[in-house]
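S.K.: Take a look at the letters that make up each chain.
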Amino acid sequence: MARTDMDQTDLTRLSADQAARALAAGETSSVELTRALLDRIDAVDAEIHAFLHVDPEGALAAARASDERRAAGEATSYLAGVPIAVKDVFATIGQPTTCGSKILEGWMPPYDATAVAKLRAAGLPILGKTNMDEFAMGSSTEHSAYGPTRNPWDTTRVPGGSGGGSAAAVAAFEAPLALGTDTGGSIRQPGAVTGTVGVKPTYGGVSRYGLVAMASSLDQAGPVTRTVLDAALLHEVVAGHDPMDSTSIDAPVPAVVAAARRADVKGLKIGLVRELQGEGFQAGVLARFDEAVHLLADAGAEVVEISCPSFVHAIAAYYLVMPSEASSNLARFDAMRYGLRVAPEGVADPSAEQVMAASRDAGFGDEVKRRIILGTYALSSGYYDAYYGSAQKVRTLIARDFAAAFEQVDLLVSPTSPVTAWPLGDKLDDPMAMYLQDVATIPANLAGAPGLSLPVGLADEDGMPVGLQFLAPATADDRLYNAGAALERLLEEKWGAPLLAQAPTLEGGAR
Amino acid sequence: MSSGISRADVEHLAGLARIELSEAELDRLAADLPAILEHVATIQEYVGQQAAGDDVPAMSHPLPVDNVFRADEVRPSLTPDEALSGAPESEQQRFVVPKILGED
Numbered sequence: 001m002a003r004t005d006m007d008q009t010d011l012t013r014l015s016a017d018q019a020a021r022a023l024a025a026g027e028t029s030s031v032e033l034t035r036a037l038l039d040r041i042d043a044v045d046a047e048i049h050a051f052l053h054v055d056p057e058g059a060l061a062a063a064r065a066s067d068e069r070r071a072a073g074e075a076t077s078y079l080a081g082v083p084i085a086v087k088d089v090f091a092t093i094g095q096p097t098t099c100g101s102k103i104l105e106g107w108m109p110p111y112d113a114t115a116v117a118k119l120r121a122a123g124l125p126i127l128g129k130t131n132m133d134e135f136a137m138g139s140s141t142e143h144s145a146y147g148p149t150r151n152p153w154d155t156t157r158v159p160g161g162s163g164g165g166s167a168a169a170v171a172a173f174e175a176p177l178a179l180g181t182d183t184g185g186s187i188r189q190p191g192a193v194t195g196t197v198g199v200k201p202t203y204g205g206v207s208r209y210g211l212v213a214m215a216s217s218l219d220q221a222g223p224v225t226r227t228v229l230d231a232a233l234l235h236e237v238v239a240g241h242d243p244m245d246s247t248s249i250d251a252p253v254p255a256v257v258a259a260a261r262r263a264d265v266k267g268l269k270i271g272l273v274r275e276l277q278g279e280g281f282q283a284g285v286l287a288r289f290d291e292a293v294h295l296l297a298d299a300g301a302e303v304v305e306i307s308c309p310s311f312v313h314a315i316a317a318y319y320l321v322m323p324s325e326a327s328s329n330l331a332r333f334d335a336m337r338y339g340l341r342v343a344p345e346g347v348a349d350p351s352a353e354q355v356m357a358a359s360r361d362a363g364f365g366d367e368v369k370r371r372i373i374l375g376t377y378a379l380s381s382g383y384y385d386a387y388y389g390s391a392q393k394v395r396t397l398i399a400r401d402f403a404a405a406f407e408q409v410d411l412l413v414s415p416t417s418p419v420t421a422w423p424l425g426d427k428l429d430d431p432m433a434m435y436l437q438d439v440a441t442i443p444a445n446l447a448g449a450p451g452l453s454l455p456v457g458l459a460d461e462d463g464m465p466v467g468l469q470f471l472a473p474a475t476a477d478d479r480l481y482n483a484g485a486a487l488e489r490l491l492e493e494k495w496g497a498p499l500l501a502q503a504p505t506l507e508g509g510a511r
Numbered sequence: 001m002s003s004g005i006s007r008a009d010v011e012h013l014a015g016l017a018r019i020e021l022s023e024a025e026l027d028r029l030a031a032d033l034p035a036i037l038e039h040v041a042t043i044q045e046y047v048g049q050q051a052a053g054d055d056v057p058a059m060s061h062p063l064p065v066d067n068v069f070r071a072d073e074v075r076p077s078l079t080p081d082e083a084l085s086g087a088p089e090s091e092q093q094r095f096v097v098p099k100i101l102g103e104d
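Chains as they are written, first to last, in the numbering used here: chain S, 1 to 511; chain H, 1 to 104.
Where hints are given, some of them may not hold.
To be verified - One side only, chain S facing chain H, incomplete, derived with CB under 8 angstroms:
no.: 1; residue: Lys102
no.: 2; residue: Tyr203
no.: 3; residue: Ser217
no.: 4; residue: Ala317
no.: 5; residue: Ser351
no.: 6; residue: Ile373
no.: 7; residue: Tyr377
no.: 8; residue: Ser390
no.: 9; residue: Lys393
no.: 10; residue: Leu428
no.: 11; residue: Met432
As the list claims (entries may be wrong) - Far from chain H, some chain S residues (derived; all Cβ distances over 12 angstroms):
no.: 12; residue: Asp154
no.: 13; residue: Ala287
no.: 14; residue: Glu302
no.: 15; residue: Val303
no.: 16; residue: Met336
no.: 17; residue: Asp366
no.: 18; residue: Arg370
no.: 19; residue: Pro504
no.: 20; residue: Thr505
Quick caveat, the hints were computed from the structure, so don't treat them as lab data.
All figures in this text were calculated on a predicted structure; none of them were measured in a lab.
Glycine is no exception: its CB is placed at the ideal position from the N, C-alpha and C atoms.
Excised from the complex, chain S in its bound form (with noise of 0.2 angstroms):
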């Protein structure tokens, strides 16, 4: 890192901390690191389909504007020149912003989503909007009505979702860095199974202004990174109360960069959530998760075994809120202020209720559609207390869960996903196989709790990544970025090189 003289292939390996530093040293430049990186995406992107929308012309100018900003002189943030990508869930001034669907194809948001406003603030250049599940609804990036984002370890695989792009683009050496959200998983899962770190900060630690609304009371933004400093970075970059969202924190963002660097835990209580692990987890998921667990304790942390009976009714309890959610915030595209319009075939004269109604079909994918009539289901009088009340009941018992876990210990562990990443296509006819998928991620959502994903090896079986998941208290977020660091440190001492070095180069890929 000491050299000079670093070539494209190197600065696209750069870490956003390394590259953040080399930039201070003015061992590069921002137009020189963001013009490596659009390289990059051109060889290799059209085999990993990470990215919607490339904003090469803005991406630049934001970079020559750092560049000038630096050499006059001008106070800058630590990661000031540093490229982004940005799921295409956040609205985008000069960039399309579709959420993976027909609906919104081609629409220009007139505002910045304030995550993405202290983005271009902090002087990250944008390097486009990344691929993700229609609406983030899916666990795959399947659902995408643009198509799906292959995972850079297997093209072969799913990147996982609903923001495969951003985690893909970030595996792949697209970006250093990239912005995801978390409705059930969203950042975590496709952390686990592409083998970069993904973290959900507490419910309310970043503005949800600008995002398009799936489920409001569990969408919370958060960094996709390949480490766990690197999200730390990011996450004080976007965090922070905004008076545009009035269910933001108003609070100081927990020290998350300082608990990264700390890294150290020597006397933190730590416990396995026994219902997480076992049946329904795959065995090299589980053989990488307890040798990590192991090396925990032996840095001097007290592992116990901690039950949370209420989280194997987490997945059904989120299918309730999560479609209800969604069916009312989705009520909006109603084609009339923006999205497609479409005229009903055969009807002269049609009525705005005809045109809402074929617009939608013609808008919304399968699953997007599965979701709202859920959604409507569960929300119909009748039903309302039997489904929706119930689901609210057991989101007390979830949090009430954590509450008494977190009496006994500092933070709670489990594998990520249950498996590694499947082949495209397998999950696909059975929605509820894919549901199922979310089993360790959905309680964190449900009760607001903040989770950090990161890579902890390969399964034996398929020689996939492996994710383990940190879970905190609310606010406590800190914790996470002080155990992840720890455990990747040590993890990088035992491999001797962070474990996407082993990942496929995908150099001289399909054009």
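Could you slot chain H onto chain S? The hints should help.
M.R.: Using the frame of chain S, we list chain H on its own:
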């Protein structure tokens, strides 16, 4: 409660949700939804099993938030052109929509 959901139920729900589903889509959803509803319905039993008298409160939101007010002051906002920039059709700074009233 039975988690049976018929094709006619799906059609009714699609009407409520303002989605004009095709015949093939109705068939597919009527086939998919029962398995999902069977799974989610298990929570009723679980909630029912909680100790009698412990009326578990409903949780609609992870944070205890009260209504948030702001000062009633004019702030910068979108211009009419910006607000209309994504409209399928607009005219004289207004959204143009299909007819909203019946003929009779």
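S.K.: Taking the minimum C-beta separation from Ala287 of chain S to chain H, is that value above 12 angstroms?
M.R.: holds, 29 angstroms
S.K.: Does Tyr377 of chain S hold up as a contact with chain H if the rule is Cβ-Cβ below 8 angstroms?
M.R.: holds, 6 angstroms
S.K.: Tell me if Met432 of chain S is really an interface residue toward chain H, meaning its C-beta lies closer than 8 angstroms to one of theirs.
M.R.: holds, 5 angstroms
S.K.: Holds or violated: the hint that Ser351 of chain S contacts chain H, with Cβ atoms closer than 8 angstroms.
M.R.: Hint holds; Ser351 of chain S Cβ to chain H Cβ min 6 angstroms, cut 8 angstroms.
S.K.: Was the hint right that Leu428 of chain S lines chain H, CB cutoff 8 angstroms?
M.R.: Hint on Leu428 of chain S: violated, closest Cβ of chain H at ~12 angstroms, above 8 angstroms.
S.K.: Does the claim that Asp154 of chain S lies outside the interface with chain H hold up, using a Cβ gap greater than 12 angstroms?
M.R.: holds, 28 angstroms
S.K.: Could you check if Ala317 of chain S really has its C-beta closer than 8 angstroms to a C-beta on chain H?
M.R.: Result: holds, 6 angstroms to nearest chain H Cβ.
S.K.: Let me know if the C-beta of Lys102 of chain S comes in closer than 8 angstroms to any C-beta of chain H, holds or violated.
M.R.: violated, 14 angstroms
S.K.: Say whether it holds or is violated: Pro504 of chain S keeps its Cβ farther than 12 angstroms from all Cβ of chain H.
M.R.: holds, 35 angstroms
S.K.: Per the stated criterion, does the least C-beta distance between Val303 of chain S and chain H lie above 12 angstroms, as a non-interface residue requires?
M.R.: Holds: least Cβ distance 27 angstroms, greater than 12 angstroms.
S.K.: Quick check on Ser217 of chain S please, does its C-beta sit within 8 angstroms of some C-beta on chain H?
M.R.: Result: holds, 5 angstroms to nearest chain H Cβ.
S.K.: Just checking, Met336 of chain S versus chain H, shortest CB gap more than 12 angstroms?
M.R.: violated, 5 angstroms
Violated hints, listed in ascending order, are 1, 10, 16, 17, 18; each of the other numbered hints is respected by the structure.
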